[in-house]
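Using the sequences and the hints given, assemble the complete structure.
Chains as they are written, first to last, in numbering that gives the first Met the number 0: chain A, 0 to 452; chain B, 0 to 511.
To be clear, the hints were calculated from the coordinates, so they are not data collected in a lab. A portion of the hints provided could be inaccurate.
[Claimed, not checked] What follows is a set of in silico ranges between Cβ atoms, one per label pair, in the way DEER data are often shown:
| no. | chain 1 | residue 1 | chain 2 | residue 2 | range |
| --- | --- | --- | --- | --- | --- |
| 1 | B | Ala-40 | A | His-429 | 45 to 53 Å |
| 2 | A | Lys-259 | B | Glu-209 | 19 to 27 Å |
| 3 | B | Pro-245 | A | Ile-260 | 21 to 29 Å |
| 4 | A | Asp-420 | B | Lys-156 | 45 to 53 Å |
| 5 | A | Asp-420 | B | Ser-95 | 49 to 57 Å |
[What the hints assert, rightly or not] Derived lysine to aspartate or glutamate pairs resembling DMTMM-like cross-links, with alpha carbons at most 25 Å apart:
| no. | chain 1 | residue 1 | chain 2 | residue 2 |
| --- | --- | --- | --- | --- |
| 6 | B | Lys-81 | A | Asp-175 |
| 7 | A | Lys-156 | B | Asp-113 |
| 8 | A | Lys-68 | B | Asp-175 |
| 9 | A | Lys-316 | B | Glu-190 |
| 10 | A | Lys-433 | B | Glu-48 |
| 11 | B | Lys-200 | A | Glu-315 |
| 12 | B | Lys-44 | A | Asp-175 |
| 13 | B | Lys-156 | A | Glu-386 |
| 14 | B | Lys-200 | A | Asp-307 |
| 15 | A | Lys-272 | B | Glu-209 |
| 16 | A | Lys-316 | B | Asp-150 |
| 17 | A | Lys-177 | B | Asp-216 |
| 18 | A | Lys-68 | B | Glu-180 |
| 19 | A | Lys-159 | B | Asp-103 |
| 20 | B | Lys-191 | A | Asp-231 |
| 21 | A | Lys-162 | B | Asp-113 |
| 22 | A | Lys-68 | B | Asp-3 |
| 23 | B | Lys-156 | A | Asp-404 |
| 24 | A | Lys-409 | B | Asp-150 |
| 25 | B | Lys-163 | A | Asp-307 |
| 26 | A | Lys-284 | B | Asp-152 |
| 27 | A | Lys-18 | B | Glu-178 |
| 28 | A | Lys-162 | B | Glu-120 |
| 29 | A | Lys-177 | A | Glu-208 |
| 30 | A | Lys-64 | B | Asp-62 |
| 31 | A | Lys-64 | B | Glu-48 |
| 32 | A | Lys-95 | B | Glu-120 |
| 33 | A | Lys-262 | B | Glu-162 |
| 34 | A | Lys-254 | B | Glu-54 |
| 35 | A | Lys-151 | B | Glu-54 |
| 36 | A | Lys-177 | B | Asp-175 |
| 37 | A | Lys-85 | B | Asp-103 |
| 38 | A | Lys-418 | B | Asp-143 |
Heads up, the beta-carbon is just placed ideally off N, CA and C, and yes, glycines get one too.
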Amino acid sequence: MNIYIAGKTVVALLYPLFKAVQVYDINNNVVISSAQKFMSGIGELLETFSSLEFIRYRDYVFFNKQRLKYEIDSYSNLQFMNTQLKALNIKSITFKRGVTQQEVIDFANIFKEDRASFQKLLGEKNFQHIAIELLKTEKEPEEPIENGQMTKRTYFKALKVTKNLMQNLWTGRPVDVKSSRRVIYGLVDSISRDEFGILALTTIKNFDEYTFNHSLNVGILALALGQRIGLDRKNLARLGTSGILHDIGKVEISKELINKIQKLTDQEWETLKLHSNYGVREILKTRGLDETSMFAIAVAYQHHWNYDGTGYPLREKEDEPTLFSRIVRICDSYDAMTTARGYQPVPYLPHFALRVIWSNQNRLFDPILAKVFTQLLGIYPVGSCLELSNGEIGVVMRQNPSAIDMPNVKIVVDSNNNKIDGRMVDLASHTEIKIIRPTYPQIYGVNPAAYFL
Amino acid sequence: MKDDIAQIILGLTKSFKAMQIYGMNHSSFRHFFEPFYQTTAEYLKTHNEISFKVEKFQIVNVDQVVYKEEEMDMNIAFRLFKDGIRNISFLSGLTSDELLLFVDVISRPTKDWDVALGLWECNFTHITFYVIEAEEVLDYRVPDVPIQYVDYDEKLKQLILREKIDIDAVIVPDLDNQEVENLKTSISTEEKTAILPVVIKTLGDYLQTECSQEIIDGLIEILESCVNVKDFYNARRIAYKLKDIPDVNFIERFENETTIASFKETVNVPEDDVFNEFLAFIGFFGKKSIPFLMQLMPFIERSDRLNALRHRVAHMAMDDPAPVIAFLRSKEPGTVLDAVNILGLIKPTKIAQMLDPLVYHPNREVRLAVIDALGNAEEIDIVTKYINDPDVEVRIRSLRMLGKYKRPEIYPLLLERIKKSSFLGLEFAEQREIFSVLTANAGESFINTMREMLYKHKWFGQKKYRVMRRLAALALNEIGTEESLAVLKKGTQKRNNDIRLACESVLKERTK
Ligand SMILES: [Fe+2]
Ligand SMILES: [Fe+2]
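Put into structure tokens, the structure is as follows:
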């Protein structure tokens, strides 16, 4: 069994046991039987792996050094694990060979306590085959892998490749398909290593080069959503490509029209709508007809199709958008709403954009995907600017998978209205600080993206 | 260095070299590769994972240099390193195919070949690797934002007005079990349903708004690959989309001997659907392909399918049967048979003339087919020639055809025949058929002849005359007029046993 599946299995076995001791006495049958299931499940694994080690880093849980991803079927197990490890200030738990059922039950039993009693009981119990390492300070530990730099490098490389691709098409120069294929795999790797890290970079918007950033951002958002619903790497590569290429048809439309600030005439609007058609042609021209292109063709053509059957280009009743098109439909709308453009100098706050997505499930968007997208971004998506109850302004740096309305923020404006390079605050751990409301970063002269670079 | 790691690296190096020299199908490569896989798999049984750090000219395993090569040619470390690969791990469960593919990917000529991309596209389950993008100056800085007042309340009001949303709606994005199930189903259905039909539909719809050459070329490209893999379902759908576009000949490329000969397996696939799709797709083919389709026919095992294809070809040759006629001179009786059959379906005006040379064809099946074809075309004159054919079945078939189309001129001929003693030596089926023809062609006078035959020993006095009485009774019954039935009724009162029994049995049949 590979490490990843093994990790998911162990978490799935631990969860019912932890839940059981919260409700029942440790001698209760429910507790015993879930402990038995856990023991028989890990028995085989302990033959393959010498020990089963869980490390929590930021909001990720690693099993034997491999990151467990938040996926739709393991989401609540993993979320619970992460929340408890965080609450008890645990850095790692290791189950070693020889662990007994009694040890496991005793451990589960103290795992439900609050931090103080947990630490006290842990000292008393002195487990032989379960090693628990506590965090020395409140400060987050060092990164196990040098992710941040990697992620940024991948993002900017991808941005460069996307820009080259579109500009070459615009000017009729040959395009380098190989480098765009490579970039996709880099993004897929990035997403699986650190989805929150790369998602944060989608807050980078560029007024002058809107289309390039937008294309890449849609690709990344789609990848993150795709990973969350459990797509494999092959499909993620297809989805990412489709996301990046969704508006490729715009290269056949004049830049004047695309960047026009005034309200479009009906005629102009009809022309703009043709980018869905043109996208098909551009993908055919640049990539030919491999499997991935076919997925991208469908997305380019369908990404303005709504869930209720409306949208453009016109379609027959039985034509339904593919899963990838439904994913891109959401990510495209979100990124477009949150980006400043000629006709929209002040974009929607990410929080508002998310509410627009939420309110339009069933009408515009696939309702299940809209929900997963909301889980992914949280109520205050990464890059949101928040007015806090202590008078400070914070930028949302990372979601809390365990509390979607209490993200991690960085203080960027103090209570005297001075721009500062402030501290990180986990609002889930600091419940004394409340969110008053989201706010416009322009008011403070803040560009949220700057904090992710 | 640990022994087992050394063995693995040795195996890798040798396999890598052998792959470049011999290629993966050569036994010399296998000679090196098999033990390489064995040692690796053995190691993974106990260690779960083996991990290598890749540096420019060397490979490191747990702080130990296990491979070092300064030479640029054939340098495994550098090949991986130059494309950004910094770490490679083999995990337990590694299959021989995966490892083979791995060696293949890293061994390809380096020019224009991106090893990282190659490995990525393999989608390995038990090989993981870590790739970094080339070092680049990333001086990207986001623009400063000037302080600008935005009226939050006003913006909120506009938002609510424009998007018509409830801004305070409670958001609980958890999926219930049903929704998780639905999502999983939707993902797995998506994986099962191919993307190809969607693309075909999309390109087809595109053509309705604009007749774009790239789109047409795209459809033709897909069409070619569909025909290559014998996916006639999609091929037909594409053909349907392209058929009305002026100046596009999308089918010509398939109307050749090689392509059509490649359908040999298709015509015998077990699935009827597949064959029917094939047949429908062939419907788009033109006259040019007739000779090749004719050559395909001998390979068809099932007669219903052969028939179906003959119908298709007949349809194609409707206004000009020349390509089919050419096959009448074939040395292969089967092919002549096909051609005759198809002409029978087309019914060209000069069919009698066309088939005349085949009347004495040595192959009985061909002669039978000629009868059928002529019969279908209602060209009976030649059929008359067959009543003297040496083959009983041919004679019977011709008689049957003659019975179907009334031919008074052969009446005396056949009458003559039944009066000869040799008639009694014929098989009953043929005797019966001759009588049927006579019946069909007969007028009033025939009833008299039959009455005489039934009642009297007119023509021959043999004992076998019982048979003749029975045939006469059957003929009278078949004529079925009041007059002829009266003869039979009278016969039931005769003292002669043979006469009585013959009449009684046909009348009994009749009342049934
Ligand atoms: Fe679009
Ligand atoms: Fe878009």
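Structure-based check of all given hints:
| no. | hint | in the structure |
| --- | --- | --- |
| 1 | B:Ala-40 x A:His-429: 45 to 53 Å | holds, 52 Å |
| 2 | A:Lys-259 x B:Glu-209: 19 to 27 Å | holds, 23 Å |
| 3 | B:Pro-245 x A:Ile-260: 21 to 29 Å | violated, 42 Å |
| 4 | A:Asp-420 x B:Lys-156: 45 to 53 Å | violated, 34 Å |
| 5 | A:Asp-420 x B:Ser-95: 49 to 57 Å | holds, 55 Å |
| 6 | B:Lys-81 x A:Asp-175 | holds, 19 Å |
| 7 | A:Lys-156 x B:Asp-113 | holds, 16 Å |
| 8 | A:Lys-68 x B:Asp-175 | holds, 20 Å |
| 9 | A:Lys-316 x B:Glu-190 | holds, 22 Å |
| 10 | A:Lys-433 x B:Glu-48 | violated, 47 Å |
| 11 | B:Lys-200 x A:Glu-315 | holds, 11 Å |
| 12 | B:Lys-44 x A:Asp-175 | violated, 42 Å |
| 13 | B:Lys-156 x A:Glu-386 | holds, 19 Å |
| 14 | B:Lys-200 x A:Asp-307 | holds, 20 Å |
| 15 | A:Lys-272 x B:Glu-209 | holds, 14 Å |
| 16 | A:Lys-316 x B:Asp-150 | violated, 43 Å |
| 17 | A:Lys-177 x B:Asp-216 | holds, 22 Å |
| 18 | A:Lys-68 x B:Glu-180 | holds, 19 Å |
| 19 | A:Lys-159 x B:Asp-103 | violated, 31 Å |
| 20 | B:Lys-191 x A:Asp-231 | holds, 14 Å |
| 21 | A:Lys-162 x B:Asp-113 | holds, 21 Å |
| 22 | A:Lys-68 x B:Asp-3 | violated, 33 Å |
| 23 | B:Lys-156 x A:Asp-404 | holds, 23 Å |
| 24 | A:Lys-409 x B:Asp-150 | holds, 24 Å |
| 25 | B:Lys-163 x A:Asp-307 | holds, 17 Å |
| 26 | A:Lys-284 x B:Asp-152 | violated, 48 Å |
| 27 | A:Lys-18 x B:Glu-178 | holds, 23 Å |
| 28 | A:Lys-162 x B:Glu-120 | holds, 23 Å |
| 29 | A:Lys-177 x A:Glu-208 | holds, 23 Å |
| 30 | A:Lys-64 x B:Asp-62 | holds, 18 Å |
| 31 | A:Lys-64 x B:Glu-48 | holds, 12 Å |
| 32 | A:Lys-95 x B:Glu-120 | violated, 37 Å |
| 33 | A:Lys-262 x B:Glu-162 | holds, 18 Å |
| 34 | A:Lys-254 x B:Glu-54 | violated, 46 Å |
| 35 | A:Lys-151 x B:Glu-54 | holds, 22 Å |
| 36 | A:Lys-177 x B:Asp-175 | violated, 42 Å |
| 37 | A:Lys-85 x B:Asp-103 | violated, 45 Å |
| 38 | A:Lys-418 x B:Asp-143 | holds, 13 Å |
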